[in-house]
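Once you've looked at the hints, dock chain B against the given chain A.
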Amino acid sequence: MRFLLETRLLLGRCLKSTLRNPVWLVMGLFQPVLYLLLFAPLLNNLKMPGFGNTSSLNIFAPGLLVMMAMFSVGFAGFNVCEDLRSGVIERLRVTPASRVAMLLGMVLRDVILFLVQCVLLVLIAMLMGMTVDPKGVILLFLLLVLIALMMASASYALGFLLKNEGSLAAALNTLMLPLMLLSGVMLPLSLAPQILQNIAKVTPFSHAIDASRALINGHLSDQSILISFVFIGVLMVLGIFWATRVFRKAVA
Amino acid sequence: MSNTIIETKGLRKTFKSHQGKGGKTQLVEAVKDINLHVQEGEIFGFLGPNGAGKSTTLRMLTTLIAPTAGQALVAGCDLLREAKQVRKRIGYVSQAGGADTTSTGRENLMLQARLYGLSKEAASKRTDELLITLELSSFADRLVKTYSGGQRRRLDLALGMINSPRLLFLDEPTTGLDPQSRAHLWEEVRKLRALGTTIFLTTHYLEEADVLADRLAIMDDGRIVAEGTPNELKQMIAGDVVTLGLETQNGHYQKIQDLFHEQAFVREIHPGNDEVQIYVERGEENLAEIIRLIDGAGLRLSKVALTRPSLDDVFLRKTGRSLRDTAL
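Quick note, the sequences are listed as chains A and B, same order.
For the first sequence, the positions run 1 to 252 when my numbering is used.
For the second sequence, the positions run 1 to 328 when my numbering is used.
Here chain A stands alone, though its shape is the one from the complex (with noise of 0.2 Å):
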């Protein structure tokens, strides 16, 4: 089909232009590292209800994993704007390729790239101590998946409707800031005021973080897990939706 071959070849310029910066490559690689090595020792001091023994890896390398998915994916819009000013997207657009398979093969670059992460922060985390539950972990993965498309495509959105680096570091780090308060990855919410705990009940991430958590542990009939797939399996629907919508129109 037409549609999948466009998609490759699209997905193909995008990791390859990636993977020719060494920043990436080192930055990239490097930084699940860096959050677990920074922020483990600091949690062995921090006790969770429910979960006993288990060592706060277990705890805490999910919520950064989630975490991950909205920050690092989450400001995959940037790569947006140098193809908007050169001319790149439009080029594209003339074509007659398919508009989707060139939303996704910038939107697949980033989760792919993103899983590279994920599997790198798994696997040392499984060397510092943390037990994985193996059915668990393939859920949790797909999971992953789908909130870095949710993430991606409307990072992309934006990066496309405000066109330039500096408005779009402006609106994401207005967004980010309070999505990644309401989420319980930094201080668990069982600290804040009900009011900041209802309005996190409405958003995904928070929802997203406890059924992480559930899935490496193996506690598969947590309800947080059916929550967060339907909630943000919807969220990347409309988000590609509306990234695309975004893109027929992209000019520079």
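Derived from the structure by calculation, the hints contain no laboratory data.
Take these hints with a grain of salt, some might be off.
Claimed, not checked - Heads up, simulated BS3-like pairs for lysine-lysine below, C-alpha to C-alpha not over 27 Å straight-line:
| id | chain 1 | residue 1 | chain 2 | residue 2 |
| --- | --- | --- | --- | --- |
| 1 | B | K9 | A | K249 |
| 2 | A | K249 | B | K318 |
| 3 | B | K9 | B | K32 |
| 4 | B | K303 | A | K249 |
| 5 | B | K24 | A | K249 |
| 6 | B | K145 | A | K163 |
| 7 | B | K88 | B | K120 |
| 8 | B | K24 | A | K163 |
Unchecked claim - Ranges of calculated distance between the beta carbons of each label pair, as one might list FRET restraints:
| id | chain 1 | residue 1 | chain 2 | residue 2 | range |
| --- | --- | --- | --- | --- | --- |
| 9 | A | L123 | B | S124 | 54 to 62 Å |
| 10 | A | F241 | B | E121 | 30 to 38 Å |
| 11 | B | K32 | A | F241 | 28 to 36 Å |
| 12 | A | P178 | B | I132 | 53 to 61 Å |
| 13 | B | T175 | A | I199 | 47 to 55 Å |
| 14 | A | M27 | B | S119 | 57 to 65 Å |
| 15 | B | S124 | A | H219 | 33 to 41 Å |
| 16 | A | F241 | B | T175 | 56 to 64 Å |
| 17 | B | K32 | A | P178 | 27 to 35 Å |
| 18 | B | K16 | A | L181 | 29 to 37 Å |
| 19 | B | G228 | A | K16 | 29 to 37 Å |
| 20 | B | V211 | A | A170 | 40 to 48 Å |
Virtual Cβ for every residue (Gly too), placed ideally from N, Cα, C.
Chain B only, in chain A's frame:
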């Protein structure tokens, strides 16, 4: 007999612009009412100052922006209803170029070819052809970010030509190029025309429009203010000017006026400081006659100059502004 390859009726584009922080939303009419006819096989130029609406019009014709109103037929297909068909038949080189600087020249060309539906083998063959034609072979496998301005432009042109389009759109193709690169690019454009490609180019350089275009339209503030071949436009507005160094005081001017005022080719006569300016038609042909008349009347001619009108004169007459003043 050629066919019309671009035909537009009432093409219009209005943008919403937000002025200032939370300010009023204004409607900006970038393109007001464009009716164009471009013949197959010609180089059609779109000349105008920056901000005239040329790039916006071009983007509408290449399916990048949806028109606010109006219709167009591009390469035989309806612009609004058959956009995908239009895309298959046209090529486009934007002002920024569109080459991916983090890939090599060859990779750029291969991807573009395959997006147009060529198989891997066909794409490879076409890429090699264009690399040779546009003299890009020796650095085809280097990253585009290492290319010079002229090399970049040639790659951009190759990208636009990759699907051998019948109709090629060029948006300000030589902006920022040194004169030699510019001349080379003009050569490439002429070669394309020789192969039967129709070329639609926008420019704010007078010389480019004058030298390269078979026909052109002058655009200002969203509208076409004049249309025709470069010569037609120039002749329509101003004749050639013959400047004669003659004594004009002491009643001499009257003698000169009497001498020329019945000649059919003379449109106007203006006195100057020790010179007379005569606006004529086809100055090259009539200059000899003018000198003969002066000689015959026994007047002493100290100098002669023949100036042709320029497209700037055309623009000035039609809009009240000089194109040179508006060019960056």
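Take the C-alpha atoms of K24 of chain B and K249 of chain A, compute the straight-line distance between them, and say whether it is at most 27 Å. holds, 23 Å
Could you see if the CB distance from T175 of chain B to I199 of chain A stays within 47 to 55 Å? Holds - the Cβ-Cβ distance for T175 of chain B and I199 of chain A, about 51 Å, lies within 47 to 55 Å.
Given the hinted pair K88 of chain B and K120 of chain B, is their alpha-carbon gap at most 27 Å? holds, 18 Å
V211 of chain B versus A170 of chain A beta-carbon gap, inside 40 to 48 Å or not: Between V211 of chain B and A170 of chain A, where Cβ atoms are some 46 Å apart, the hint holds.
Cβ distance range 56 to 64 Å for F241 of chain A and T175 of chain B, holds or violated: With a Cβ separation near 37 Å, F241 of chain A and T175 of chain B fall outside 56 to 64 Å, so the hint is violated.
Measuring from beta carbon to beta carbon, are P178 of chain A and I132 of chain B in 53 to 61 Å? Since P178 of chain A and I132 of chain B have Cβ atoms about 57 Å apart, the given range 53 to 61 Å holds.
Cβ distance range 28 to 36 Å for K32 of chain B and F241 of chain A, holds or violated: holds, 34 Å
Would you mind confirming whether the straight-line C-alpha gap from K145 of chain B to K163 of chain A stays at or under 27 Å? holds, 21 Å
Are the Cα atoms of K303 of chain B and K249 of chain A separated by 27 Å or less? violated, 60 Å
Hey, K24 of chain B versus K163 of chain A, does the alpha-carbon distance stay inside 27 Å? holds, 21 Å
If you check the beta carbons of S124 of chain B and H219 of chain A, does the distance land in 33 to 41 Å? violated, 54 Å
Just to be careful, I want the Cα atoms of K9 of chain B and K249 of chain A compared with a cutoff of 27 Å; is the pair within it? holds, 22 Å
The structure fails hints 2, 4, 9, 14, 15, 16, 17, 19 (numbered hints given earlier, in ascending order).
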